[in-house]
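**Q** In the UniProt record's numbering, the protein residues as written are 1 to 183.
Read the hints as simulated data drawn from the structure, not as lab findings.
Keep in mind the model is a prediction, meaning the values are calculated, not measured.
Among the hints, a few may not be true.
Stated by the list, open to error - Label-pair ranges, simulated between beta-carbon atoms:
{"#": "1", "residue 1": "Pro128", "residue 2": "Ala57", "range": "26 to 32 Å"}
{"#": "2", "residue 1": "Arg172", "residue 2": "Asp83", "range": "35 to 41 Å"}
{"#": "3", "residue 1": "Arg118", "residue 2": "Arg178", "range": "14 to 20 Å"}
{"#": "4", "residue 1": "Thr69", "residue 2": "Arg145", "range": "33 to 39 Å"}
{"#": "5", "residue 1": "Val84", "residue 2": "Arg178", "range": "24 to 30 Å"}
{"#": "6", "residue 1": "Ala57", "residue 2": "Ala177", "range": "22 to 28 Å"}
{"#": "7", "residue 1": "Ala168", "residue 2": "Asp72", "range": "32 to 38 Å"}
{"#": "8", "residue 1": "Arg146", "residue 2": "Ala182", "range": "43 to 49 Å"}
{"#": "9", "residue 1": "Gln173", "residue 2": "Asp72", "range": "36 to 42 Å"}
{"#": "10", "residue 1": "Ala168", "residue 2": "Val84", "range": "29 to 35 Å"}
{"#": "11", "residue 1": "Gly111", "residue 2": "Pro60", "range": "19 to 25 Å"}
No residue lacks a Cβ here, since even glycine has one placed at the ideal position from N, Cα and C.
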Amino acid sequence: MGSVTADIADKVSGDPRQTGGRSTCGAVAGVAHLPGRMVRAPPRTYAVAMQELPDQALTPGLTARVELTVTDADTAQAVGSGDVPVLGTPRVLALAEAATVAATAGHLPNGSTTVGTRVELEHRAATPVGRMVAAQARLTEVERRRLVFEITVTEGGQTVAEGRVERALVDRQRFLARAAGAA
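Modelling step: build the complete structure from the supplied sequences, incorporating the hints.
**A** In structure tokens, the structure reads:
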């Protein structure tokens, strides 16, 4: 069992502006530490390190952690969800979803992906610019194609947000074809 690094910024939201990504190892921004070597992630993306479990399907217990250093672009003012210069709830949600995507990376059947279907999120505390937040996702239920994750977002040991995210396992090509037909 080894470690792998996944760059998930484009898969999560398509937002190339994402900044301050850190590895689960607590390394400096943009660097993931793997056994015996260090891998530098492209700048301004999330870098997520996770355990590789060969030949293991989606099972409860899979986890991932994604970190973000809050910038002006992450504030409620910048994303249009308020008028205060603190981490905006939409960015908290995006970070939480990034953690769910990372938790299932390497465990999906070929040609599959997951898509968000339901979110319950309680944003409990404000986080100012310059602070680092970490989203931890844990897969708690697998019911056919339905995946349920518990999410906790922390900053300096304090819970900033928590909730549940549900995702559905889908065939990537079929999903995209249906989406194109709906447009």
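**Q** So, for every hint listed, does it hold in this structure?
**A** Here is what the structure says about each hint:
Evaluation of the 26 to 32 Å hint for proline 128 and alanine 57 yields a failure: the beta carbon distance comes to about 41 Å. The hinted range of 35 to 41 Å is satisfied by arginine 172 and aspartate 83, whose Cβ atoms lie roughly 38 Å apart. Taking the beta carbon of each, arginine 118 and arginine 178 are about 19 Å apart, inside 14 to 20 Å as hinted. Look at threonine 69 against arginine 145: about 35 Å separates their beta carbons, and that is inside 33 to 39 Å.
For valine 84 paired with arginine 178, a C-beta distance near 39 Å fails the hint of 24 to 30 Å. As the Cβ distance of alanine 57 to alanine 177 is approximately 25 Å, the hint placing it in 22 to 28 Å holds. As the Cβ distance of alanine 168 to aspartate 72 is approximately 34 Å, the hint placing it in 32 to 38 Å holds. Separation of arginine 146 from alanine 182 is about 21 Å and departs from the stated range, judged on CB atoms against 43 to 49 Å.
With their beta carbons about 38 Å apart, glutamine 173 and aspartate 72 fall inside the hinted range of 36 to 42 Å. A beta carbon spacing of about 34 Å between alanine 168 and valine 84 agrees with the range 29 to 35 Å that was offered as a hint. Distance hint check: the CB atoms of glycine 111 and proline 60 are about 23 Å apart, consistent with the given range 19 to 25 Å.
Hint check: violations occur at hints 1, 5 and 8; the rest are consistent with the structure.
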